[in-house]
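First to last, the sequence lines map onto chains B and V. Heads up: the first sequence is residues 1 to 255, going by our numbering. Heads up: the second sequence is residues 1 to 303, going by our numbering.
None of these hints come from the bench; they were simulated from the model. Computed from a predicted structure; not experimentally measured. Check each hint, because a few of them may be wrong.
To be verified - Away from chain V, derived, C-beta distances all over 12 Å, residues of chain B: (1) L32; (2) D64; (3) F68; (4) A74; (5) E95; (6) M111; (7) D192; (8) N231; (9) Q244.
To be verified - In silico contact screen, one side only, chain V against chain B (beta carbon under 10 Å); selected entries: (10) R41; (11) E49; (12) H90.
Said to hold, decoys possible - Pulled a few chain V residues facing chain B out of the computed Cβ check, cut under 10 Å: (13) V47; (14) G58; (15) G63; (16) Q82; (17) L89; (18) N126; (19) A202; (20) I246.
Here a beta-carbon is modelled for each residue, glycine too, at the ideal position from N, C-alpha and C.
Spelled out from the first residue to the last, the chains are:
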Amino acid sequence: MVIDALDGGGRGHVGAALSIIEIVRVLYDDVLKVRPSEPRWPDRDRFILSKGHGCLGLYAMLADKGFFDRSEIAQQCRPGALLGGHPEIRTPGVEASTGALGHGLGIGVGMALAARMQKRNSRVFVLTGDGELNEGSVWESALIASKHALSNLCLIVDYNKMQSYGRVADILPLEPLGAKFEAFGFGVSEVDGHDVAALRQVFAAPGTPNRPRAVICHTVKGRGIPICEHNASWHHKAKLAPEQVAELRHALAAT
Amino acid sequence: MRETSLRMVHELARRDPRVVFVGSDLGAGALDAMRQEFPDRFYMEGVSEAAIIGLAAGLAMDGYIPYVNTIATFITRRCYEQVAVDLCLHNLPVRLIANGGGLVYAPLGPTHMAIEDLAIMRALPNMAVTAVADAEEMKRFMLATLDYPSPIYIRLGKGGDKVVTPADQVFTLGKSVELKPAKDVAFVTTGVMASRALGAAALLAEHGIEAGVLHMPTVKPLDDVALLALARRVPRLVTVEEHSRIGGLGSAVAELLIDNRLPTPLLRLALPDSFPDDYGSQEHLLEVAGLDPKGIAQSVLKS
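Construct the entire structure; sequences and hints are all you get.
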């Protein structure tokens, strides 16, 4: 479906979508309490795709779960489309309009506080990129989450080690990332973000009491398609030639 | 005005369980009465404006009406993208209470003087932009904020500002207040400049010029109907604002006149397009910019 969207819209953040596929799969299959037929159900869990440029991965999952019709996928970015190049709240199942980086955790903190005040059991999951952690607002929000002991808040980091220009280690290194979140007061888990069983296990495990969670998912940008993997030039692609799309489909079929 | 505004947040919190207060790192004891009465709806979250706006957005998405408060320059410039995306794009009922609009923080220098806040807030879709004239109007205004469906920017004056608005005013966002009927010239003002324009009108009367004052507590939405009627009736309009001459009330009025092809002459009195480079007091800087009653009257006489 991600490639259908690329093909239909002629553009998309391919690599950024492919690194989160298993994460959103496990969230929507096994973790999130949501109702596709009632997207605004008050007691639902909230999932914010803070790295909005990974939206092709989210769209595929929301369509698969029946939040909207699969035929919308191939229309993305076209005039009159339901789905744009970043998620917006007009799309059923999208909790917050994102695309500008560093916004999701702040909103998630507010939602987690609201759930606590309203005595709802809703949990809030916020998925950020690794390059996104360059934004200071993420760390401001991390301080606040920790202060309020938001155990109903889970930050998931798609740590694919690549940002737009190149390697995270070269642009703005994040290590030691787990220790940073520990120091900010989070209960931290690290997991292979493409290992479905491991992801299930991490999300099923109880978090640290009175602490927000950080699940650092070690992933591969462009996962599943050899020409995209670890390749910064596949962060975003526009004007894809039919041969390139065919190549993507072929590569995916071969894996 | 600031105390009244915060006291009204407390009053609104008593009336409506959706009301929440969010501060950054305000002066010790700020809104202590509300903190004691509603500790679960009082947040003081540190010098982290971007995160606070996001937090307020998250609360509003789940049914709360957050009133966020810090200094005007920081609640606008510092977190502009959060205001634009988290609040305006999602069209959430979050209220931004901005301490020290205009030149209030004169002694503290240009980092603390909000001279372009109306312009940059006005440019954002869905954002209402307000600047009431006095503490009495603030009470009426704050009651009107409760059920407004969109974000509101609330510019505060220094406090102790002269009361010029009528007690029987029914406050409606988007409606202007005629403080003095105009004949020869009409001042159009926002915020605390209403009192200065009234002072200027008194000085002009000595010269045989009958000047009136139309006060715009909401710069956006602008009261187009009242302004157009005024522009068709009086020979001259003069906007007066404690704000850069770029993008504020004067610009809004000019845009309205042009869009409606009205040739009414318009004089825009405002701060120059430069960072304030002196200290002293708000009154002193207003005087330097010709925005005290005498300076305003002289500008009208010269034009």
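Hint check:
{"no.": "1", "hint": "L32", "in the structure": "holds, 16 Å"}
{"no.": "2", "hint": "D64", "in the structure": "holds, 25 Å"}
{"no.": "3", "hint": "F68", "in the structure": "holds, 20 Å"}
{"no.": "4", "hint": "A74", "in the structure": "holds, 26 Å"}
{"no.": "5", "hint": "E95", "in the structure": "violated, 8 Å"}
{"no.": "6", "hint": "M111", "in the structure": "violated, 4 Å"}
{"no.": "7", "hint": "D192", "in the structure": "holds, 30 Å"}
{"no.": "8", "hint": "N231", "in the structure": "holds, 29 Å"}
{"no.": "9", "hint": "Q244", "in the structure": "holds, 32 Å"}
{"no.": "10", "hint": "R41", "in the structure": "holds, 8 Å"}
{"no.": "11", "hint": "E49", "in the structure": "holds, 8 Å"}
{"no.": "12", "hint": "H90", "in the structure": "holds, 6 Å"}
{"no.": "13", "hint": "V47", "in the structure": "holds, 9 Å"}
{"no.": "14", "hint": "G58", "in the structure": "holds, 2 Å"}
{"no.": "15", "hint": "G63", "in the structure": "holds, 7 Å"}
{"no.": "16", "hint": "Q82", "in the structure": "holds, 7 Å"}
{"no.": "17", "hint": "L89", "in the structure": "holds, 5 Å"}
{"no.": "18", "hint": "N126", "in the structure": "violated, 13 Å"}
{"no.": "19", "hint": "A202", "in the structure": "violated, 49 Å"}
{"no.": "20", "hint": "I246", "in the structure": "violated, 25 Å"}
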